[in-house]
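**Q** Single-letter residue listing:
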Amino acid sequence: MWFKSRNIITVIILGVLIYFSMELTEFNLSKFRDFRNMVDFLGEWFPMDYAKLPHMLEDSLETLGMAFLGSLFGLIVALPLSFVAARNTSPSGFFYHLSRVLLSFVRSIPEIVFGLILLTALGLGPFPAVLAIMFHNIGVLGKLISELIEASDSGPQEAMKAVGAKKGFAYLFSILPQIWPNVLSHYFYRFEVAIRTSLILGFIGGGGIGQRLFNDFKTFQYSSVSLDVLIIMVIVIIVDLFGSFVRNKVI
Amino acid sequence: MLEIKDLSVQYEDSDFEALSSIDLHFQKGEFVCILGKSGAGKSTLIRCINGLQDPTSGTVYWKDQPLSSLSEEDLRKIRREMGMIFQHFNLIPRLTVLQNVLTGLFGYRSTYKNIIGLFNKEEINHAKKVIADVGLTDQMYRKVEKLSGGQKQRVGIARALLQHPKAFLGDEPVSSLDPGTASHIFRLIQKMHNRHQLLTIINVHDVNLAKRFATRIIALKNGKVIFDDHPDSFQDEEFHLTYYETAKQP
Chain A
1 MWFKSRNIIT VIILGVLIYF SMELTEFNLS KFRDFRNMVD FLGEWFPMDY AKLPHMLEDS
61 LETLGMAFLG SLFGLIVALP LSFVAARNTS PSGFFYHLSR VLLSFVRSIP EIVFGLILLT
121 ALGLGPFPAV LAIMFHNIGV LGKLISELIE ASDSGPQEAM KAVGAKKGFA YLFSILPQIW
181 PNVLSHYFYR FEVAIRTSLI LGFIGGGGIG QRLFNDFKTF QYSSVSLDVL IIMVIVIIVD
241 LFGSFVRNKV I
Chain B
1 MLEIKDLSVQ YEDSDFEALS SIDLHFQKGE FVCILGKSGA GKSTLIRCIN GLQDPTSGTV
61 YWKDQPLSSL SEEDLRKIRR EMGMIFQHFN LIPRLTVLQN VLTGLFGYRS TYKNIIGLFN
121 KEEINHAKKV IADVGLTDQM YRKVEKLSGG QKQRVGIARA LLQHPKAFLG DEPVSSLDPG
181 TASHIFRLIQ KMHNRHQLLT IINVHDVNLA KRFATRIIAL KNGKVIFDDH PDSFQDEEFH
241 LTYYETAKQP
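Taken in sequence, the protein lines are chains A and B.
If you're matching positions, the first sequence starts at 1 in UniProt numbering and goes up one per residue.
If you're matching positions, the second sequence starts at 1 in UniProt numbering and goes up one per residue.
It is worth saying that the hints were derived from the structure and are not from the lab.
Treat the hints with caution; some may be incorrect.
[Claimed, not checked] Capping the alpha-carbon separation at 30 Å, the derived lysine-lysine pairs in BS3-like fashion look like this: (1) B:Lys5 - A:Lys166; (2) B:Lys121 - A:Lys166; (3) A:Lys167 - B:Lys211; (4) B:Lys63 - A:Lys166; (5) A:Lys166 - B:Lys221; (6) A:Lys166 - B:Lys129; (7) B:Lys211 - B:Lys121; (8) A:Lys249 - B:Lys146; (9) A:Lys249 - B:Lys128; (10) A:Lys167 - B:Lys5; (11) B:Lys128 - A:Lys167; (12) A:Lys167 - B:Lys221; (13) A:Lys166 - B:Lys143; (14) B:Lys77 - A:Lys167; (15) B:Lys166 - A:Lys166; (16) A:Lys167 - B:Lys63.
Could you put together the complete structure from these sequences and hints?
**A** Put into structure tokens, the structure is as follows:
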């Protein structure tokens, strides 16, 4: 029963797609004959150079600040917007579609593009990076939260209508407590993603540990690069642990 | 007090009418149980009474005011006079018993006050008194999802009582509870009904409960009233007519 013609066709199509994608991306494992180069290169990363550690930690704080502000401002704007962009709470069909289009528009623009555009007006530094992260997260969190609203239980909403509460208020009060833990977990995931994004934004002059990593790399200071990478890994893990701690507290 | 005139409801996705030309009149102090098979229109009727469902034609009059011609604002004022309890309780998860009961006041307060979430001492004491009335004082600060089904429905009743209701509506409030708990809940509803001199209208599947507590039974079948009388008159024959397609075989 596994060998239905439809399944066979699916496998053939997948095979064709894999072949062409490998052609396009020059995917070729035999290239690993130069594997030694990588080992030699990574060898230069060690021992780590701790001389610039205080500056690195300072830059790490800047990165954390960027990611935190960008994602939190994103959440603050996205939360009310997502009630407009959810089918069951939207004030009208017009606003529903308008907000949906708006959200997918800001979502479709990568942070780095926002960053490059904002740089022209705001100059180098973390401020344009914060705004770039914020804009993108409005789109992402707005979509995710509006889906949570649509999936929420309609029972409490009906009860709030039955006690004579105002419509908008009934929505807010009956839905928010239901979705809150999931909103938090989405938020912390986006916070974590924002840290990685802020690294990339550092490459284009957005500041933080990302810019330091880029500069160390370009100036061949590999023993500093290794410490930068280690610090970044530790930050991401700490934020992840903190996120699950807060979520467990709420549930 | 409550009058239903020529009420019909037809759902968009359905070929037949959920309610067809219902005429009913209710007095203060009546304890009415509505019987009928699933899909007979019980739930639709209850939901028309407080305007959660709009009728296709006909009108519901509450104290001589026709619901269908009221503004949203005036409809809210009527809804808060009718406490409603639900089969699945419809409590707000993650909030405590006390917080859930206090939401019963939302019809009386400004949005601004509600968002701040401030309640004055008088309101909180009233909520605590009502919680004591339904026997949940020791659960007051627990989150509602930790409670048993019977306890959840007590919270539902307390929330409805906080509305200072003139009427009590129940949409199968005991259908997801075991028979013992269901009987307790009915006794509690009856106690509050008598204390506050309410009009109580409840959908129920358990005929015995209806005969024990109701002062009047209404049976619905295919959206029409087929019985409306004192519970003593609801006998085997009426039971069969309500729940089976054909009359009882001799």
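**Q** Decide, hint by hint, whether the structure agrees.
**A** Checked hints:
For the given pair, B:Lys5 sits about 28 Å from A:Lys166 by alpha-carbon distance, which is consistent with the 30 Å threshold. As the CA atoms of B:Lys121 and A:Lys166 are separated by approximately 23 Å, the hinted pair is consistent with the 30 Å bound. The suggested pairing of A:Lys167 with B:Lys211 is violated, with an alpha-carbon distance near 38 Å, which exceeds 30 Å. About 22 Å separates the Cα atoms of B:Lys63 and A:Lys166, which keeps this hinted pair within 30 Å; it holds.
Only pairs whose Cα atoms come within 30 Å are accepted, and A:Lys166 paired with B:Lys221 is rejected, the gap being roughly 35 Å. Between A:Lys166 and B:Lys129 the CA atoms are separated by roughly 26 Å; this keeps the pair inside 30 Å, and the hint holds. Restraint check for B:Lys211 and B:Lys121: not satisfied, since their Cα atoms lie roughly 41 Å apart, outside the 30 Å limit. Annotation: proposed proximity of A:Lys249 to B:Lys146 holds, straight-line Cα distance about 16 Å (limit 30 Å).
Between A:Lys249 and B:Lys128, the direct Cα distance comes to roughly 27 Å. Compliance with the 30 Å bound is thereby established for this hinted pair. At most 30 Å may separate the alpha-carbon atoms for a hinted pair to count; A:Lys167 and B:Lys5 meet this at roughly 27 Å. Straight-line distance between C-alpha atoms of B:Lys128 and A:Lys167 comes to about 27 Å, which keeps the hinted pair within the 30 Å bound. Distance restraint check for A:Lys167 and B:Lys221: the Cα-Cα separation of roughly 33 Å exceeds the 30 Å cut-off, and the hinted pair is therefore not satisfied.
Between A:Lys166 and B:Lys143, the direct Cα distance comes to roughly 24 Å. Compliance with the 30 Å bound is thereby established for this hinted pair. Proximity of B:Lys77 to A:Lys167 is assessed by CA-CA distance (about 13 Å); at most 30 Å being required, the pair is judged to hold. Straight-line distance between C-alpha atoms of B:Lys166 and A:Lys166 comes to about 20 Å, which keeps the hinted pair within the 30 Å bound. A distance of roughly 24 Å separates the Cα atoms of A:Lys167 and B:Lys63; the hinted pair therefore holds under the 30 Å criterion.
Going down the numbered hints, you'll see the structure goes against 3, 5, 7, 12, while the others check out.
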